[in-house]
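There are 2 protein chains.
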Amino acid sequence: MRRFAADRAKRLLFRSLFSSAATPSAPFSSSPAAAAAAAIDSAARSVTVDTINPKVLKCEYAVRGEIVSHAQRLQLELQTKPGSHPFEEILYCNIGNPQSLGQQPVTFFREVLALCDHPSLLDQSETHALFSADAVERAWKILDAIPGRATGAYSHSQGIKGLRDAIAAGIAERDGFPANPDDIFLTDGASPAVHTMMQLLIRSEKDGILCPIPQYPLYSASIALHGGSLVPYYLDESTGWGLEISELKKQLEDARSKGITVRALVVINPGNPTGQVLAEENQKDIVDFCKNEGLVLLADEVYQENIYVEDKKFNSFKKIARSMGYDDAHLSLVSFQSVSKGYYGECGKRGGYMEVTGFNAEVREQIYKVASVNLCSNISGQILASLVMNPPKVGDESYESFDAEKSGILSSLARRAKALEDAFNSLEGVTCNKAEGAMYLFPCLHLPSKAIEAAKAVDAVPDAFYARRLLDATGIVVVPGSGFGQVPGTWHIRCTILPQEDKIPDIISRLGAFHESFMEEFCD
Amino acid sequence: MRRFAADRAKRLLFRSLFSSAATPSAPFSSSPAAAAAAAIDSAARSVTVDTINPKVLKCEYAVRGEIVSHAQRLQLELQTKPGSHPFEEILYCNIGNPQSLGQQPVTFFREVLALCDHPSLLDQSETHALFSADAVERAWKILDAIPGRATGAYSHSQGIKGLRDAIAAGIAERDGFPANPDDIFLTDGASPAVHTMMQLLIRSEKDGILCPIPQYPLYSASIALHGGSLVPYYLDESTGWGLEISELKKQLEDARSKGITVRALVVINPGNPTGQVLAEENQKDIVDFCKNEGLVLLADEVYQENIYVEDKKFNSFKKIARSMGYDDAHLSLVSFQSVSKGYYGECGKRGGYMEVTGFNAEVREQIYKVASVNLCSNISGQILASLVMNPPKVGDESYESFDAEKSGILSSLARRAKALEDAFNSLEGVTCNKAEGAMYLFPCLHLPSKAIEAAKAVDAVPDAFYARRLLDATGIVVVPGSGFGQVPGTWHIRCTILPQEDKIPDIISRLGAFHESFMEEFCD
Chain A
1 MRRFAADRAK RLLFRSLFSS AATPSAPFSS SPAAAAAAAI DSAARSVTVD TINPKVLKCE
61 YAVRGEIVSH AQRLQLELQT KPGSHPFEEI LYCNIGNPQS LGQQPVTFFR EVLALCDHPS
121 LLDQSETHAL FSADAVERAW KILDAIPGRA TGAYSHSQGI KGLRDAIAAG IAERDGFPAN
181 PDDIFLTDGA SPAVHTMMQL LIRSEKDGIL CPIPQYPLYS ASIALHGGSL VPYYLDESTG
241 WGLEISELKK QLEDARSKGI TVRALVVINP GNPTGQVLAE ENQKDIVDFC KNEGLVLLAD
301 EVYQENIYVE DKKFNSFKKI ARSMGYDDAH LSLVSFQSVS KGYYGECGKR GGYMEVTGFN
361 AEVREQIYKV ASVNLCSNIS GQILASLVMN PPKVGDESYE SFDAEKSGIL SSLARRAKAL
421 EDAFNSLEGV TCNKAEGAMY LFPCLHLPSK AIEAAKAVDA VPDAFYARRL LDATGIVVVP
481 GSGFGQVPGT WHIRCTILPQ EDKIPDIISR LGAFHESFME EFCD
Chain B
1 MRRFAADRAK RLLFRSLFSS AATPSAPFSS SPAAAAAAAI DSAARSVTVD TINPKVLKCE
61 YAVRGEIVSH AQRLQLELQT KPGSHPFEEI LYCNIGNPQS LGQQPVTFFR EVLALCDHPS
121 LLDQSETHAL FSADAVERAW KILDAIPGRA TGAYSHSQGI KGLRDAIAAG IAERDGFPAN
181 PDDIFLTDGA SPAVHTMMQL LIRSEKDGIL CPIPQYPLYS ASIALHGGSL VPYYLDESTG
241 WGLEISELKK QLEDARSKGI TVRALVVINP GNPTGQVLAE ENQKDIVDFC KNEGLVLLAD
301 EVYQENIYVE DKKFNSFKKI ARSMGYDDAH LSLVSFQSVS KGYYGECGKR GGYMEVTGFN
361 AEVREQIYKV ASVNLCSNIS GQILASLVMN PPKVGDESYE SFDAEKSGIL SSLARRAKAL
421 EDAFNSLEGV TCNKAEGAMY LFPCLHLPSK AIEAAKAVDA VPDAFYARRL LDATGIVVVP
481 GSGFGQVPGT WHIRCTILPQ EDKIPDIISR LGAFHESFME EFCD
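Protein sequence lines correspond, in order, to chains A and B. So for the first sequence, the numbering used here puts the first residue at 1; every next one is plus one. So for the second sequence, the numbering used here puts the first residue at 1; every next one is plus one.
The shape of chain A in the complex, shown without the other chains (with noise of 0.2 Å):
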């Protein structure tokens, strides 16, 4: 009990922080309900914070936590009272949502998409004026390879198999390695994925699983949620965030000796919030040291079509590990990707797969039981998956525009990329390490002794008092470095790179006034 309770004073004084007033709760505050809901304390319940499962206390997901919430709330306010705020709009840089802030869908993909969920404008000739020759074509190749064509039917718990087929057919041109569609698992996005095998992996607080730090909270959540340790390795920010296998050893060793029972290692790559890409000759020594120390790997792999420098490219694990002779038999390895990501970003859509491999048949098993409690993920989302792994090729009918569309897309981020990294590294006590790939810059900020004391005064943590600070000035949102753990004593935050093109001048000089003034409040 002990425990839970300084759980919920550690909350209620974050919560301190950002509220002010006396509304209990973000989400909630602003409804006529939390009123009554706040009511219903006084009445005898049997289900208060302190007899829910203690595993859901102790996630956190800073990506979406109380700076998200406040945000929403200066939303409102600068919705009923225009001028309320010393900026126009709230600029969402706290996550990973192209099209939130303008980016447009893929025209193809979205054809394709159109002509599955409303087959019957195929019979139509009027179609023809509407939706390229090749989106047609490959609606009906889509639409033949469903059972009864029937796109509302949940499918085969791993997905349809015939799109199924399609994304293996992707990963193999993508790899030059074979890939096996009964490896597949499509999912709603890549965080059940994640979830799926967090959950099949721990059963108890002894079992860990190695995670960078910084980190997509995703995995700290997904742990905490499962009942497991978080096996921290920390990169290299020195070396522009660099994966070192000594490190990875020594972190091992370490959570051996207490008694955990590490049972894989998660590495994002490209890193997020980190933006590294990792070497070929790096993610070799990784596969190495996954196989020998016996651990599962799971390589997020999400940001596979974000790179944004010349020299690097994108390998896969499974590419690395077939090239070194490794299959199924040497090792366990799960690659996630997403329809999310990419220069797509479609992430309302939730698409996404895993791909499993090197796990033996009964483990398997339980693996599509587990898929199968949920039947299936959404289809559109696994059509979305099947093409992103497929786009149009050279010759048909929507490449020249799609193409168009792609590296519009990707040209764009990467100068985006490259402004707000040199914006960072122009500001007094700021280093920002290059966004090699991903969609985030992980600048960090070497704040003023005072700041750290004025942030400890409101018992706010020094990077949330920061970013606290930039939202009400600039509406602006970023998500504190301590939401993805850093090392102690440093400060970061993490911006996206996603505000579209016209506006990043804007945000850069508004950036920079607000930190100008903030180091000149502050100076030591």
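It is possible that part of the hints are untrue.
[What the hints assert, rightly or not] Straight-line alpha carbon distances no greater than 30 Å define the calculated DSSO-like cross-link-like pairs of lysine-lysine that follow: (1) A:K369 - B:K456; (2) B:K55 - A:K206; (3) B:K291 - A:K58; (4) B:K58 - A:K291; (5) A:K369 - B:K369; (6) B:K55 - A:K291; (7) A:K81 - B:K369; (8) B:K141 - A:K503; (9) A:K58 - B:K369; (10) A:K206 - B:K369; (11) B:K81 - A:K161; (12) A:K206 - B:K206; (13) A:K58 - B:K206; (14) A:K55 - B:K291; (15) B:K503 - A:K141.
Bear in mind the hints are in silico, worked out from the structure with no lab data behind them.
Place chain B on chain A using the hints.
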């Protein structure tokens, strides 16, 4: 370890019943990967069924269990070797998946989805020839409710606010009592919502959830995965699967005497697999029981549109509770709804919601946090959930054709339910309650003792033995009653009412012929 070994032995025994050869695992059995995967067992691997999460092992889900895997093998054989079995197609009556058996989607819903998937259609003149005016209007309305009209963006963690407004309005119209959009959590079908609540409520195996027996095995699976205890209450087959408060009290007291903290009561209305529709007075008693005992009422109301008898109607538990004068302060109530059932049957779209009422603000904040970890449910599913709760109304251009589609489907389902019910009741030693609602019949098989012995001789549960024989003889896939729970010593099967109407006579005749021959073979 002893328990796991026993579980493993049970799994192997069960599998042995259904495995005709050495193929170890259905979904992977015929692939080259299976052979490779099997070879892994000999290698030094850290992940085996003895080292994965035992909660995963314990979880069972008969609706897509071994019988379905066997059916998939038969289907493959029929494709590769036509004429290899005494039937030409597999009829999947194992799962409530209407469109897989030929039910057509409702046109209006699909029009709106297609327009929202590819909004640029709305600017084209040809679109008006292809889509109804009210579908175009609705699509605009939905797009205007989405920030930036971005159907490809992550939404608010609970779902798009404007869609939650529409759903709340639909609930209010259905119930005659207000609903709060802040109480709605949109989800990828109802299953993830059930998991969320189980995750919240279950701390250990000392926490119990009262579940009907027979029950839809999502509940037993979810309770097993979250490590809780299923506290069974039996529905009374002799009174049309009646739900007796005395039985609830007895089981609650029994569980408490064993040190179980019972946290919630699951009620499925209309019933799955049992098809009964609760009477209003019965529902009032259930509400009072939960209120007095401090239990959360988890109301599975996904079949709310599926009622086939004149003298019954659907009442939501929220409507019942509010009509009794109970509000948030009196009862914690969660209602689950899905786009997969009803007349819409859009299983593949994975849309649904839960309406969460009567929890205090701190607990709701925790539910919001868990929803946030998965970011949001798929937007097409969200849109569809708003549509099924707000279908076309009298006066809308689509209304007449919509209503014709809706009543055509529902009246046909009612006829199919009656025809299959009569057919089961005409079989020797079979009794079958009426399907007042939902999508299933759950006939009781009074099996001859020789059949039970024959089943035991191959280590099979008798109703699984019957279902396997039925499948092998007719291609009809049903689920053994043992997958849902039943009074010990009784045997049932669950059969959907979903095959298209023109197939029903043939199904009835194949079923009759099989049953006659089965009873002859095993007559006492």
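Hints, verified against the model:
1. Only pairs whose Cα atoms come within 30 Å are accepted, and K369 of chain A paired with K456 of chain B is accepted, the gap being roughly 25 Å.
2. About 16 Å separates the Cα atoms of K55 of chain B and K206 of chain A, which keeps this hinted pair within 30 Å; it holds.
3. Among the hinted pairs, K291 of chain B with K58 of chain A is consistent with the structure: their alpha-carbon atoms are about 29 Å apart, no more than 30 Å.
4. A threshold of 30 Å between alpha carbons decides the hint, and for K58 of chain B with K291 of chain A the separation of about 29 Å falls inside it, so the pair holds.
5. Using a Cα cut-off of 30 Å, the hinted pair K369 of chain A and K369 of chain B holds, with the two alpha carbons roughly 27 Å apart.
6. Between K55 of chain B and K291 of chain A the alpha-carbon distance is near 27 Å, which keeps this suggested pair within the 30 Å criterion.
7. For a cut-off of 30 Å, the pair hint linking K81 of chain A to K369 of chain B stands: about 28 Å separates their Cα positions.
8. Between K141 of chain B and K503 of chain A the CA atoms are separated by roughly 28 Å; this keeps the pair inside 30 Å, and the hint holds.
9. A distance of roughly 11 Å separates the Cα atoms of K58 of chain A and K369 of chain B; the hinted pair therefore holds under the 30 Å criterion.
10. Taking the CA atoms of K206 of chain A and K369 of chain B, the gap is about 25 Å. The hint holds against a cut of 30 Å.
11. Proposed proximity of K81 of chain B and K161 of chain A is supported: the alpha carbons are some 20 Å apart, at most 30 Å.
12. Our distance criterion of 30 Å between C-alpha atoms is met by K206 of chain A and K206 of chain B, whose separation comes to about 21 Å.
13. Of the supplied pair hints, the one linking K58 of chain A and K206 of chain B holds, its CA atoms being roughly 20 Å apart against a limit of 30 Å.
14. For the hint pairing K55 of chain A with K291 of chain B, the CA-to-CA distance comes to about 27 Å; that is within 30 Å, so the pair holds.
15. Our distance criterion of 30 Å between C-alpha atoms is met by K503 of chain B and K141 of chain A, whose separation comes to about 28 Å.
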